[in-house]
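Undergrad: So the chains spell out like this:
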Amino acid sequence: MEFSYEVKDSYAEVKADGRLNMVSAPKLREFVTDVIAGGSNRIVVNLENTAFMDSSGLGALIGCLKAARQAGGDLRIAAVQPQVNMVLKLTSMDKVLTAYATADEAFGND
Amino acid sequence: MTEILASRAFRGPAAEDAIEAVHNDLDSLWLDVPFVNDMDQMTFTTAVIESASNIVQHAQPAGERDVELGVETTVQPALLQARVSAYYAKPPFGPMEASTPDEDAESGRGLALIEALVTTVTFERQDGTNTWVLSRTSSQD
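Protein sequences, first through last, are from chains A and B.
Adding 11 to a residue's 1-based position in the first sequence gives its number in the numbering used here.
Adding 308 to a residue's 1-based position in the second sequence gives its number in the numbering used here.
Just so you know, the hints here were simulated from the structure itself, not pulled from any lab data.
Watch out, some of these pointers could steer you wrong.
As the list claims (entries may be wrong) - Covered stretches of chain A (chain B as the covering partner; in silico rule of three or more C-beta atoms under 8 Å from a C-beta of chain B):
| id | region |
| --- | --- |
| 1 | 25-33 |
| 2 | 61-70 |
| 3 | 95-106 |
Keep in mind the model is a prediction, meaning the values are calculated, not measured.
Ideal Cβ placement from N, Cα and C applies to all residues, glycine included.
Starting from the given sequences, assemble the full structure and let the hints guide the process.
TA: Rendered as structure tokens:
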């Protein structure tokens with residue numbers, strides 16, 4: 012899995028490309044923690060190229076969400092693909108991790 | 309006799325590398341059986357990776373040998389089946405019941421997810437090997 016980020020006007024966009032599994036989940040947490048430490052507390056994780064997520068990956072997203080909120084911000088997800096959407100729904104975490112169609116829309120009304 | 313249309317088998321050290329190898333095996337398996345619909349491929353792959361990850365993360369060696377992971381996947385005309393095994397492992401500890409963790413919990417959802425993804429999950433322990441048998445009745449398009 013490859014991570015990248017870009018600081019936009021009102022949020023930082025993190026891209027996680029590949030499989031978000033037990034191998035990459037701790038790396039995502041570390042990556043997002045560093046982005047938050049760098050001064051961005053409004054995070055959008057763009058999952059456009061995240062073809063797969065398991066419960067470890069979901070746990071990492073929840074950890075990142077808590078870290079963003081502890082820093083006074085929030086974390087939202089965008090461009091969710093079918094397998095990730097399935098995991099979010101089956102675990103009822105779609106109510107906690109709000110999904111937006113695009114990264115731009117995630118903080119569009121705030 | 310049961311007709312096996314395609315299969316894959318993996319065995320190796322229960323380590324992180326194994327998860328990517330098993331996932332690659334599954335991706336190549338689906339190329340052999342394009343009639344298995346996307347939903348079945350997606351759900352079954354997720355269940356197998358969850359189970360294999362559970363072994364890599366939690367299986368404890370019974371003796372001096374390191375735990376090995378085995379994943380045998382078969383596709384039959386209306387059935388997807390995987391035998392996900394932990395070799396040289398202690399019996400699993402604690403209740404093997406799916407839990408519903410708090411919404412801010414960062415772990416504990418795997419077993420419930422597996423149960424939601426497949427039709428049946430059974431557990432066998434024989435000769436020091438723990439095996440989870442995952443079956444999904446293939447849906448028709």
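Undergrad: If you count the residues of the region 95-106 of chain A with a beta-carbon closer than 8 Å to a beta-carbon of chain B, do you get 3 or more?
TA: Satisfied; 7 residues make the cut.
Undergrad: Is the coverage entry for the region 25-33 of chain A by chain B consistent with the three-residue Cβ rule at 8 Å?
TA: With 3 residues in contact (Cβ-Cβ under 8 Å with chain B), the coverage given for the region 25-33 of chain A holds.
Undergrad: For the region 61-70 of chain A, count the residues whose Cβ lies under 8 Å from any Cβ of chain B; is that count three or more?
TA: Holds, because 6 residues of the region 61-70 of chain A bring their Cβ atoms closer than 8 Å to Cβ atoms of chain B.
Every hint, counting from the list given before, is met by this structure.
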